[in-house]
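First to last, the protein sequences are chains P and W. Mapped onto this note's numbering, the consecutive letters of the first sequence carry residue numbers 965 to 1391. Mapped onto this note's numbering, the consecutive letters of the second sequence carry residue numbers 965 to 1391.
Worth double-checking, as some hints may not be accurate.
The list treats identical chains as interchangeable, and a pair is accepted whether it falls inside one copy or across any two copies.
Stated by the list, open to error - Below are the DSBU-like pairs computed for lysine-lysine, each with C-alpha atoms no more than 30 Å apart in a straight line: (1) K1286 - K1197; (2) K1089 - K1286; (3) K1286 - K982; (4) K1197 - K1089; (5) K1058 - K1286; (6) K977 - K1058.
Don't read these hints as lab results, they were simulated from the structure. Predicted model, so just to flag it, every value in this text is computed and none were measured.
There are 2 protein chains.
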Amino acid sequence: MSNTRQLLARRAKLLGAKAPLFYDQPLHIVRGEGVWLVDVDGRRYLDAYNNVPLVGHCHPEVVEALARQAGTLNIHTRYLHETILDYGERLVAKFDDSLSMILFVCTGSEANDQALRIARCHTGKQGIVCTNLTYHGNTTAVDAVSPLFYGANAPPHPEVRTIPFPDSYRAPHGLAGEALTTHYIAALENAIASLEESGVGFAGLLLCTIFANEGLPDVPPGFMQRALDVVHKAGGLLIGDEVQAGFGRTGHMWGHEAMGVVPDIVTLGKPMGNGHPLAAVVARADLVEEFRERVFYFNTFGGNPVSCAVGAKVLDILERDKLMDNAREVGAHLRQGLHALAARHDIIGDIRGQGLWVGVELVTDRNTRQPAAEQAHRAINLMKDRGVLMGRIGEFDNVLKMRPPLPIAREHADLLLAALDEVLAAL
Amino acid sequence: MSNTRQLLARRAKLLGAKAPLFYDQPLHIVRGEGVWLVDVDGRRYLDAYNNVPLVGHCHPEVVEALARQAGTLNIHTRYLHETILDYGERLVAKFDDSLSMILFVCTGSEANDQALRIARCHTGKQGIVCTNLTYHGNTTAVDAVSPLFYGANAPPHPEVRTIPFPDSYRAPHGLAGEALTTHYIAALENAIASLEESGVGFAGLLLCTIFANEGLPDVPPGFMQRALDVVHKAGGLLIGDEVQAGFGRTGHMWGHEAMGVVPDIVTLGKPMGNGHPLAAVVARADLVEEFRERVFYFNTFGGNPVSCAVGAKVLDILERDKLMDNAREVGAHLRQGLHALAARHDIIGDIRGQGLWVGVELVTDRNTRQPAAEQAHRAINLMKDRGVLMGRIGEFDNVLKMRPPLPIAREHADLLLAALDEVLAAL
């Protein structure tokens, strides 16, 4: 085995010096199993970071389904095959009846890109509203609605308006409740008006339904329903990005269920194939029919039988093993433990999220809510040293991000809590 | 098993009535093996259409590599893993030394989208030139440079100029040789000038290196080298789309080798993972470093160990089984047989392509070269009835398109030729 320094040198030469890596001392991972990742030295890490391996790393039944179908047939969708129909019908049945058609793609970026195309095709307008701290993917069009990583170099995107993400923790002007909702809705109305005035017009609002990259804020009451009303009144569509929120992690199948709205278009990705490149757009039938009528859309790999067999097996396991229940139960246990830690560690300013999507905001002062970004940076590196993987996110990079594979058990959560207790004490 | 009519009804409801399908009577395929596809009634079809299963449908060694790695580790590239480095280094070594860095993605559309981003990042300009009959993929940005399917509804794309594809068979004004090349190069120069004059500026020329969707034209002498010179002189980049041309099918590893040029950026897809969603951008190191420096680029599934293990196994088989040699040899045998058919069937107007990328242009009159599109349509349906799958392509949809899995043998080519002889006689 090469050592880490050699790997880093090879990596910089092949992928670029700035290709992103986690941790001050990067991890060299060689094996995954359930909620565990194993490094080259045989050290095991509790994976509380990766949302993609939804039913656990290298789940043997998923691997078996993958291998069986890959050894039987792997072909595009211009021949008939039943796998795509069986899986697609089963998947759309998990949505509101209005969301009845599906477009298969391979990545969340592709899903969001096609969702933008569908919304623009339907409305005949180009303008998209998104939040000021979101990330929806990496294609040219989706990058334009992903300001999270722009920094100071934000390019001009005349077809995009950003609005402040709805945040109850650092609410502006000391607003709360309905007044806070009205504040954020006014920003949406202004953004739409600005697009209309500029001549670009308004096609839709694209939101992660749990605002994952924004740091899992507690959304002020009624925000999503009022936003949906404003969007529809302006002739636009609501695109619900479920790439991070979907497939049961929140304890709901979809993030928009918890928000009490039904988007016009939903995008799916990351956990859908447990790591296999599988993603989709689920949308109102009239929107998909119209898009198909006016645009030739084909995706060579999208909806192939192997991807669909994998997706179906992920649903099998999710249902049979009651992983949504587990997300609620272990999520609640984890949250309870985090609140106990908060009683001892003043650095914990807020605990947010649902199910096994957890955000812990670190602050240097609970009154001023001054972000503790440097401490969050140290915390995730110290957690790694103690064998637990997590990330950080949010406007100030001070929110610890936890989203383990759904089969995580209470005892795993206890390991995480014990390690975090030590780490917060040592900060 | 459902019958075809039921499947079609389910498909229309789930995917849309206009979701594309092949053949007047669609095929319901249930199994693939080597160069064969098998339908629900057990009927075997010689697959002379599908370029994605490069080393053969459901190759057992590819399936084994897929399953082994999927059962060991499947993770993103923000942890170190060796599979990506081993595969990526091996792959870039197959290019000119100047093309030394790689960005992993999942589809050819993603590859071309990132290639556009890299070219625009480097030049600071937005303008792209492509041919009038090309298709490079389905993202918003790539769709703009894919006029093949626009028809009469071509939307305005101020950042795109199209040029006539270089065609020796239907050359304008009776031009030939260097004079024809000069004609096409002048169109490129005009397109670049138009972009510059409009204020958009010129970022690059995006070309499929074998002009596959354009119908595999015989390119007039020196066109690619002169185009490259014009592009560089104008401060732009040449993006060589190898999604269809690459990985040995032409008898060269890359289409641009046969054209005698080295692009600045190359995109890879379709056959790269033998059906697994694996694609990439290979480019000059300075371009990738600059892109990485200025843009946060990450792809959740791109470059995961499973995809890289599959890609490496495809290269193993391609090399060990000398499939490029086979592409040359069986391709020559097939072409020889097609020329023999042309001696008996006046409808064959032209036979083009390289290796196992073959185009047979059908015309109603060899002098006027009137396209025989309706006959081409009937021909591919009749070939299917005789158990051989092929497609059609080109400006008039009158070019029979053949691109079988590379392990095709002479006796398979003979089957195809015998069936085509009958079909052309019956048209």
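Verification of the supplied hints:
1. When the C-alpha separation of K1286 and K1197 is checked against a cutoff of 30 Å, the pair qualifies neither within a copy, at 39 Å, nor between copies, at 62 Å.
2. For the identical chains of this complex, K1089 and K1286 are neighbours neither inside a copy (42 Å) nor across copies (52 Å), given an alpha-carbon limit of 30 Å.
3. Taking identical chains as interchangeable, the C-alpha atoms of K1286 and K982 are never at most 30 Å apart, the minima being 40 Å within one chain and 37 Å between chains.
4. When the C-alpha separation of K1197 and K1089 is checked against a cutoff of 30 Å, the pair qualifies only within one copy, where the shortest distance is 15 Å, while the shortest distance between copies is 37 Å.
5. Taking the shortest alpha-carbon separations for K1058 and K1286, only the intra-copy value of 15 Å comes in at or below 30 Å, while the best inter-copy value is 48 Å.
6. When the C-alpha separation of K977 and K1058 is checked against a cutoff of 30 Å, the pair qualifies only between copies, where the shortest distance is 16 Å, while the shortest distance within a copy is 45 Å.
The structure fails hints 1, 2 and 3 (numbered hints given earlier, in ascending order).
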